[in-house]
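All residue numbers for the sequence shown refer to the working numbering, where the first residue is 1 and numbers rise by one.
These are computed hints drawn from the structure, not numbers from a lab.
Misleading hints may appear alongside valid ones.
Said to hold, decoys possible - Restricting the straight-line Cα-Cα distance to at most 25 Å, the calculated cross-link-like pairs of lysine-lysine (DSS-like) are:
no.: 1; residue 1: K83; residue 2: K93
no.: 2; residue 1: K123; residue 2: K300
no.: 3; residue 1: K96; residue 2: K83
no.: 4; residue 1: K84; residue 2: K96
no.: 5; residue 1: K123; residue 2: K83
no.: 6; residue 1: K27; residue 2: K123
no.: 7; residue 1: K96; residue 2: K85
no.: 8; residue 1: K86; residue 2: K96
no.: 9; residue 1: K27; residue 2: K365
no.: 10; residue 1: K180; residue 2: K27
Unchecked claim - Simulated restraints, written as ranges between beta carbons of each label pair:
no.: 11; residue 1: V76; residue 2: K123; range: 52 to 62 Å
no.: 12; residue 1: P292; residue 2: S95; range: 51 to 61 Å
no.: 13; residue 1: E299; residue 2: L63; range: 57 to 67 Å
no.: 14; residue 1: L134; residue 2: N336; range: 37 to 47 Å
no.: 15; residue 1: L263; residue 2: S95; range: 50 to 60 Å
no.: 16; residue 1: F69; residue 2: N336; range: 37 to 47 Å
no.: 17; residue 1: F189; residue 2: P292; range: 48 to 58 Å
no.: 18; residue 1: L63; residue 2: R150; range: 29 to 39 Å
Positions of the beta carbon are idealized from the N, C-alpha and C atoms, including for glycine.
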Amino acid sequence: MKNNNYWRLILVLTGIIAVLNLAGFSKDFCDFYTDNIYALSHNLIAFLTSWCPFAIGEIIMYLGAVALFLQLLIIVLLIFFRKKKKYTTFVKKYSKAVLMSIVITLFLFTVNWTVPFRARVLKASDNTRTEYSLSELEYVRATVVEQLNRITLLLNRDENGNLIYDYTDEDIAASMRSEKADYPRLDGFYPTMKPAICSPFLEWMNIGGYNYVYTMEPTYNLYVDPITMPVLKAHEYAHNMGYYKENEGEFLSCITLVHSDNLFLQYCGYLEMYWYLDEAVYSALADMYLEPGEEPTREKLAQISEAYSLLPQLSEQVEQDLYYAWSLSVELYEENIDETFEETFAETSSSVASVGWDLQSDVLKENTYDGLTLMLLQYYISE
Numbered sequence: 001m002k003n004n005n006y007w008r009l010i011l012v013l014t015g016i017i018a019v020l021n022l023a024g025f026s027k028d029f030c031d032f033y034t035d036n037i038y039a040l041s042h043n044l045i046a047f048l049t050s051w052c053p054f055a056i057g058e059i060i061m062y063l064g065a066v067a068l069f070l071q072l073l074i075i076v077l078l079i080f081f082r083k084k085k086k087y088t089t090f091v092k093k094y095s096k097a098v099l100m101s102i103v104i105t106l107f108l109f110t111v112n113w114t115v116p117f118r119a120r121v122l123k124a125s126d127n128t129r130t131e132y133s134l135s136e137l138e139y140v141r142a143t144v145v146e147q148l149n150r151i152t153l154l155l156n157r158d159e160n161g162n163l164i165y166d167y168t169d170e171d172i173a174a175s176m177r178s179e180k181a182d183y184p185r186l187d188g189f190y191p192t193m194k195p196a197i198c199s200p201f202l203e204w205m206n207i208g209g210y211n212y213v214y215t216m217e218p219t220y221n222l223y224v225d226p227i228t229m230p231v232l233k234a235h236e237y238a239h240n241m242g243y244y245k246e247n248e249g250e251f252l253s254c255i256t257l258v259h260s261d262n263l264f265l266q267y268c269g270y271l272e273m274y275w276y277l278d279e280a281v282y283s284a285l286a287d288m289y290l291e292p293g294e295e296p297t298r299e300k301l302a303q304i305s306e307a308y309s310l311l312p313q314l315s316e317q318v319e320q321d322l323y324y325a326w327s328l329s330v331e332l333y334e335e336n337i338d339e340t341f342e343e344t345f346a347e348t349s350s351s352v353a354s355v356g357w358d359l360q361s362d363v364l365k366e367n368t369y370d371g372l373t374l375m376l377l378q379y380y381i382s383e
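With the sequences and hints as input, model every part of the structure.
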């Protein structure tokens, strides 16, 4: 009877996985599911795991890797112990446990990620225009630069003039929750943001954070600088609440932070906008002076730089804030990461990540991180 119940549960879960993934080909279904059903599983699982100070999902990931390795090992050992009844019985029980774990994991991935990920991308505004002039791009960049140069003069600082990073994760959650009228999925339970045990590997892979969707736990890379950290946490919270595209995560992290009551969080949100807008402006200026495929000469680069220098620039104080934040992250990294450990794993981790980033770009297309620029233009410029 117990064996029959086991296979019934496997079949039921597999059937649900298949039905939901087939239904996921419908954008209307994915939108409805994410707006109305996703929150039920999200809130329940996030509430159950939020109490733990470390990411339960990360531990499960490591245990899962070990379990799969052992599964392969015990199957190989069957060659030598296939006539041992106790051993074959153990293999069957262990294999059934592994199979159930895989099916449950796939089920959780389906209800918590596969379907929400396939929902339509949020609209930044009613403006759906996709092409903008250089002057419009420069206007939005100038607006952001103006805000940064203004806010930096109002921030709390220590006796040495360095920024005081006075905010909490709850401040970030409150800022995001306050935008629920425009982005309904931001209403709900915000779980504890947890440091990643694998932070060194995330650092080498250029990954700021990660959501364990089967346990609904958002995690962050410990070595991200303290000015980028609030944006990173808001980004991971956006994913956690059901906005899984990378441009969605970037857009919501910026917009919710710049609307915060906390000046430091505003500062962080505008800085994140600035990096994307600044790169886009410089690229557009380069396109003005260079023909398609033309290699830039020293003269052309000087012309581009001169045109760029005429634009509003970050104040010296902002530059000092950025340098100080960067130095703190470097100091923390050097204090905690052994040089031998780094030499052993850093290069391989970076190579693996490069493949992963390329694959992500192929899957997400216009919905990668760089898609933030278009969303900001749509948000700040009326049609």
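Each hint tested on the structure:
1. K83 x K93: holds (16 Å)
2. K123 x K300: violated (38 Å)
3. K96 x K83: holds (20 Å)
4. K84 x K96: Distance ~19 Å between K84 and K96 Cα, so the pair holds.
5. K123 x K83: Judged against 25 Å, a Cα distance of about 63 Å means the pair is violated.
6. K27 x K123: holds (15 Å)
7. K96 x K85: It holds: about 17 Å lies between the C-alpha atoms, which stays within 25 Å.
8. K86 x K96: holds (16 Å)
9. K27 x K365: holds (17 Å)
10. K180 x K27: Holds: K180 and K27 sit about 22 Å apart, inside 25 Å.
11. V76 x K123: 52 to 62 Å: holds (53 Å)
12. P292 x S95: 51 to 61 Å: holds (57 Å)
13. E299 x L63: 57 to 67 Å: holds (60 Å)
14. L134 x N336: 37 to 47 Å: 44 Å Cβ-Cβ, so the 37 to 47 Å window holds.
15. L263 x S95: 50 to 60 Å: holds (57 Å)
16. F69 x N336: 37 to 47 Å: Given a distance of about 28 Å, which is not inside 37 to 47 Å, the answer is violated.
17. F189 x P292: 48 to 58 Å: holds (50 Å)
18. L63 x R150: 29 to 39 Å: violated (50 Å)
Of the numbered hints listed earlier, those contradicted by the structure are 2, 5, 16 and 18.
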